[in-house]
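Enquirer: Residues per chain are reported as follows:
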Amino acid sequence: MVQYSSGLDTAFAAVADPTRRGILERLGRREQSVTELAAAFDMTLTGMKKHVKLLEDVGLVRTEKVGRVRTCRIGPRRLAREAAWIAKYQEMLEARFDRLEDFLEHTKGDR
Amino acid sequence: MTATMPRSTITTPTDREIRVERVFNASRDRVWRAYTDPAQVAQWWGRGNKLVIEKLELVRGGHWRYVEHSPDGEDGFEGRYREVTPPERIVRSFEWDGMPGHVIIETTTFEALGSDRTKVVSVLLFHTPEEQNGFLHSGMEGGMNESFAALDRLLGAKA
Numbered sequence: 001m002v003q004y005s006s007g008l009d010t011a012f013a014a015v016a017d018p019t020r021r022g023i024l025e026r027l028g029r030r031e032q033s034v035t036e037l038a039a040a041f042d043m044t045l046t047g048m049k050k051h052v053k054l055l056e057d058v059g060l061v062r063t064e065k066v067g068r069v070r071t072c073r074i075g076p077r078r079l080a081r082e083a084a085w086i087a088k089y090q091e092m093l094e095a096r097f098d099r100l101e102d103f104l105e106h107t108k109g110d111r
Numbered sequence: 001m002t003a004t005m006p007r008s009t010i011t012t013p014t015d016r017e018i019r020v021e022r023v024f025n026a027s028r029d030r031v032w033r034a035y036t037d038p039a040q041v042a043q044w045w046g047r048g049n050k051l052v053i054e055k056l057e058l059v060r061g062g063h064w065r066y067v068e069h070s071p072d073g074e075d076g077f078e079g080r081y082r083e084v085t086p087p088e089r090i091v092r093s094f095e096w097d098g099m100p101g102h103v104i105i106e107t108t109t110f111e112a113l114g115s116d117r118t119k120v121v122s123v124l125l126f127h128t129p130e131e132q133n134g135f136l137h138s139g140m141e142g143g144m145n146e147s148f149a150a151l152d153r154l155l156g157a158k159a
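Sequence lines, in order, name chains G and B.
Numbering follows the working numbering, in which position 107 of the first sequence is assigned residue number 107; successive positions increment by one, without gaps.
Numbering follows the working numbering, in which position 151 of the second sequence is assigned residue number 151; successive positions increment by one, without gaps.
Please note that a few of the clues may not be correct.
[Said to hold, decoys possible] With a straight-line cut-off of 27 angstroms between C-alpha atoms, the simulated DSSO-like cross-links for lysine-lysine are:
{"id": "1", "chain 1": "G", "residue 1": "108", "chain 2": "B", "residue 2": "50"}
{"id": "2", "chain 1": "G", "residue 1": "65", "chain 2": "G", "residue 2": "53"}
{"id": "3", "chain 1": "G", "residue 1": "65", "chain 2": "B", "residue 2": "119"}
{"id": "4", "chain 1": "G", "residue 1": "49", "chain 2": "G", "residue 2": "65"}
[What the hints assert, rightly or not] Partial pick of chain B residues on the chain G-facing surface, computed with a CB cut under 8 angstroms:
{"id": "5", "residue": "22"}
{"id": "6", "residue": "32"}
{"id": "7", "residue": "34"}
{"id": "8", "residue": "38"}
{"id": "9", "residue": "81"}
{"id": "10", "residue": "112"}
{"id": "11", "residue": "113"}
{"id": "12", "residue": "121"}
{"id": "13", "residue": "125"}
[Said to hold, decoys possible] Where chain B lies over chain G, by a calculated footprint (3+ residues, C-beta under 8 angstroms):
{"id": "14", "segment": "23 to 31"}
{"id": "15", "segment": "64 to 73"}
{"id": "16", "segment": "89 to 95"}
Just so you know, these hints were derived from the structure itself, not from any lab.
Beta carbons are placed, not taken as given, at the ideal position from N, Cα and C, and that holds for glycine.
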């Protein structure tokens, strides 16, 4: 049994970062390799590995290496799925407002 | 990914709510139409993904269902309208196919700031005894208060 030395604070600090929330949100839908995640966030493999490790250390993400591919999925912490869920809503709200702003801007004058 | 300054204000008024507000440079009527005319909703609600408005019955008790088609697959969202007060307020239930049975109540208010600016406030009220239980009995340290204090910090960190 894995022990998580870090407390709740660390878990939440792990998801205070928008990229890591994005990672959880994606993994909430389906498992992905580190390479896929790096591509999705337009990030180097090294950069993505750091984020994944941080999430893994607090139990929010679980990874498994088969051959050369490291697959990531939502972790064993029961909080993980809820954190992914809430992260999803936050990201969605922000992204929607951005889009709405663009929409209202370019339909200006339409009546 | 470049981090941009969020132009919205996100807060957690209570343990069960997420509140987001933003001011748009458009009249309240235009913003109302953007939220309620299916042809307009389809142009922004999907966040750049193709959005199919399967239902938008804008009356109390009416159904709504939107399906977002992204490269990762389909995401369906649906619920029913609890209150429709043009052009001020919409209250509806909100359920994501990915978390079936976890219903959120979404309240959106539109406040006119003069003739061409509108403040939109969206509040998501989570009805989540299961999640609370999950937090409480997940074997993590601390009780509910600590959990929610931490959650509050998480949500506050975005603001």
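Enquirer: Check the structure against each numbered hint from earlier and tell me which ones fail, lowest number first.
Expert: The structure conflicts with hints 3, 6, 8, 9, 10, 11, 12, 13 and 15, although it agrees with all the remaining ones.
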